[in-house]
Amino acid sequence: MTFTETTWNEAKELAGRYPHSRSALLPMLHLVQSVEGLVSSDGIALCADVLDLATAEVAAVATFYTMYKRHNTGKHHVGVCTNTMCGLLGGDAIWNAISSDLNTGHDETSEDGKITLERIECQAACTHAPVVTLDWEFFDDATVDGVRKALSDLREGKEVKSTRGPVIKGLQASERLLAGFDDDEFDAPAIDEKMLAGLHRAREVGQTLPSSEV
Amino acid sequence: MVLTPILTAHWDEADSYKLEGYKRHHGYVALAKALKSDPDSIIQTVKDSGLRGRGGAGFPTGMKWGFVPQNDGKPHYLVVNADESEPGACKDIPLMLANPHALVEGVAISSYAIRANHAFIYIRGEVPHVIRRVTNAVKEAYAAGLLGQNIQGSGFNLEVVVHAGAGAYICGEETALLDSLEGHRGQPRLKPPFPAVAGLYASPTVINNAETIANIPYIIRNGADWLKQWGTEKSPGFKLFAVSGHVKRPGIYEAALGTTMRELLEHAGGMRDGHTLKFWIPGGSSVPMLTEAHLDLPLTYEDMAAAGTMLGTGTPMVFDETTSVVKAVSRWLQFYKHESCGKCTPCREGTYWISGLLKRLEKGEGQETDLEKIDELCQQIMGRSFCALGDAAATPFPGAMKHFRTEFEAGVRTAADIAFDPAATTIFSKANV
Ligand SMILES: Cc1cc2nc3c(=O)[nH]c(=O)nc-3n(C[C@H](O)[C@H](O)[C@H](O)COP(=O)(O)O)c2cc1C
Ligand code: SF4
Ligand code: FES
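Chains as they are written, first to last, in the working numbering: chain P, 2 to 215; chain Z, 13 to 445.
With the rest of the complex left out, here is chain P (with noise of 0.2 Å):
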């Protein structure tokens, strides 16, 4: 594929937000991930030239970071968290249903193009296991049943919230997030129980601090 001068526009840009431009690659690779769904040679080669590196590398970097695909995606990426305090509470459980569900292995793609699976590491959210993502926002809590529903609306095209962050819009919509290239979905809540169960505790016991220092 060939990238249009507005995606080339962006890369430059991201360029000259380092001081030293090679700094860019990694959100570079977001970028081109975003406008793809993979990281191409083409992908690769517009990342080369921006940077003024070899494409191999580029490549070298590419292939470093799990997060890359080099291979088509689909529409929606999910991963199930299976690292250990997942994987017990719940997350194999998990990724048994919806991979024999979906007749999809690790890394693979359904078979409509819908939706790509992975067995993810542990999520920086271990007090809400099991976790899964859907285009890497968090899906916290997740039961069989749950992650079931989420997948089929998300193959009907029908709306699915993340437990902690925004509608679910697509990977290629993440990655450009992650490119550097904000979405102004901020607002979307992200605040549970879980994360104020100290706080709510501390009121409950009266440990809390006088209002002139914090």
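In short, the hints are calculated from the structure, not lab data.
As the structure is a prediction and not an experimental result, all values here were calculated from the model.
One thing to keep in mind: the hints can contain errors.
Just a few of them, taken from the derived set where beta-carbon distance is under 10 Å, the chain P residues facing chain Z [stated by the list, open to error]: (1) Pro28; (2) Ala55; (3) Gly80; (4) Asp102; (5) Leu103.
Some chain Z residues flagged as far from chain P (calculated, every beta-carbon gap over 12 Å) [said to hold, decoys possible]: (6) Gly65; (7) Arg144; (8) Arg145; (9) Ser166; (10) Asp315; (11) Arg343; (12) Phe416; (13) Val424.
Think of the CB as a built atom: it goes at the ideal place given N, C-alpha and C, for glycine as much as any other residue.
Fit chain Z with the ligands to the known structure of chain P by using the hints.
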């Protein structure tokens, strides 16, 4: 010890993550105070407070800042480590969702102290909503003249860039993070030189954890002694403890250092009904596990070290008697194998072999000599790897063997899923409702 809602004090207010909400509670007062003081006096205050890094190693923050050479004519950089990817660690992510301005104000004050005019916040890539919240906080701060050129007429300039990673645990290791931020594969660098002397772009660089930096505004405004009212001489202050696992109310509990796990467990409602504690891990999968016998130890850097473990990230994972420890450890080793950057042989090869042997034990297909072999492999990794990821990978197995040897021995004949019904371990299990 007590609960100390400080960083978390206002998380239940609808605009806790916005400039207006933050300013309602003394937000950016510390920055104004700092900009009127000598940068060295800020470093001194942080030294006096005894604040230790919250990224896992507990290095004294003020001392680290003091290593940055001054008047060297080179640009200085501040890099915030918000890569939070250690299994079990889940405190920086909520902090940045709910109170990103504490981090941004901390970045401004810390940069001023170390004379940096450029700061980077490196956030793991898998958390877009966190990146939104921090990016928005940075934007609001720029618009209010709290970042950028000539901040509040002080003559101090600071550019702040929010940077997303792309999925690699090793990028949390500080020198790997720097390589990643320079646009390379995230592989650790040889130390020395330490980042304080030659870090980002070979210039003096301070790397601190997000929670560490978020502490700074509170210390600068309230003073070094204020922090020392909590904790111990060696571990002053408070901490975001994230309690996960088989407890009734998993979540974020901000408390004084020196709080015991028994106290934290009580705050978290205790174990789920009808179950008992089997093991817990104070700070991420990279530190050795503890049991019931250790519940009354103060959660401090020194007490955890004395017990043969580490406070680490201060995010206790709690498992009950339904849990197969073999499976738990095996899963962590799959993680380390996946995340080993491949730069050095002990870690690259060792994690491959250990994870394979553990998988076999988990299936009940181990051989009599496997435990010895794994132990040997761990010893070959420990202290012989290029970075601390290798040591971390060699930690869970010996740690678990200390308390649960017979369970590993059973792995020669009995599959973990036979010995421990996986359905009972899940939180959907009937026993739980
Ligand atoms: C494999 C590995 C992963 C790490 N991940 C993180 C991380 O995600 N966040 C963090 O702050 N420190 C992490 N660290 C520790 C950092 O190397 C460093 O010690 C820390 O960022 C320093 O900040 P502090 O002094 O404020 O704690 C990691 C270390 C290793 C070896
Ligand atoms: S110990 Fe592991 S992660 Fe660290 S440099 Fe060696 S191979 Fe890479
Ligand atoms: S183990 Fe799944 S979020 Fe930590």
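Cross-check of the supplied hints:
With 10 Å as the threshold, the beta carbon of proline 28 of chain P comes within range of chain Z, its nearest partner Cβ sitting at about 7 Å, so the hint holds. For alanine 55 of chain P, the interface hint is violated, the least distance from its beta-carbon to any beta-carbon of chain Z being 13 Å, above 10 Å. For the restraint placing glycine 80 of chain P at the interface with chain Z, the shortest Cβ-Cβ distance is roughly 8 Å, inside the 10 Å limit, so the hint holds. For aspartate 102 of chain P, the interface hint is violated, the least distance from its beta-carbon to any beta-carbon of chain Z being 17 Å, above 10 Å.
Interface restraint check: leucine 103 of chain P against chain Z, minimum CB-CB distance 20 Å, threshold 10 Å, status violated. The claim that glycine 65 of chain Z is not at the interface with chain P holds, since no C-beta of that chain comes within 12 Å of its own (minimum 18 Å). Not every CB of chain P lies more than 12 Å from the CB of arginine 144 of chain Z, the least distance being 4 Å, so the non-interface label is violated. Against the 12 Å criterion, arginine 145 of chain Z falls within the reach of chain P, whose nearest CB is about 5 Å from its own CB.
Non-interface status of serine 166 of chain Z relative to chain P is upheld: no Cβ of that chain comes within 12 Å, the nearest being about 22 Å off. The Cβ of aspartate 315 of chain Z sits about 21 Å from the closest Cβ of chain P, beyond the 12 Å cut-off, so the non-interface label holds. Its closest Cβ contact with chain P, about 4 Å, brings arginine 343 of chain Z to no more than 12 Å, contrary to its assignment away from the interface. With 12 Å as the threshold on Cβ separation, the claim that phenylalanine 416 of chain Z sits away from chain P holds: the shortest Cβ distance comes to roughly 15 Å.
Separation of valine 424 of chain Z from chain P is adequate, the least Cβ-Cβ distance of about 22 Å exceeding the 12 Å criterion.
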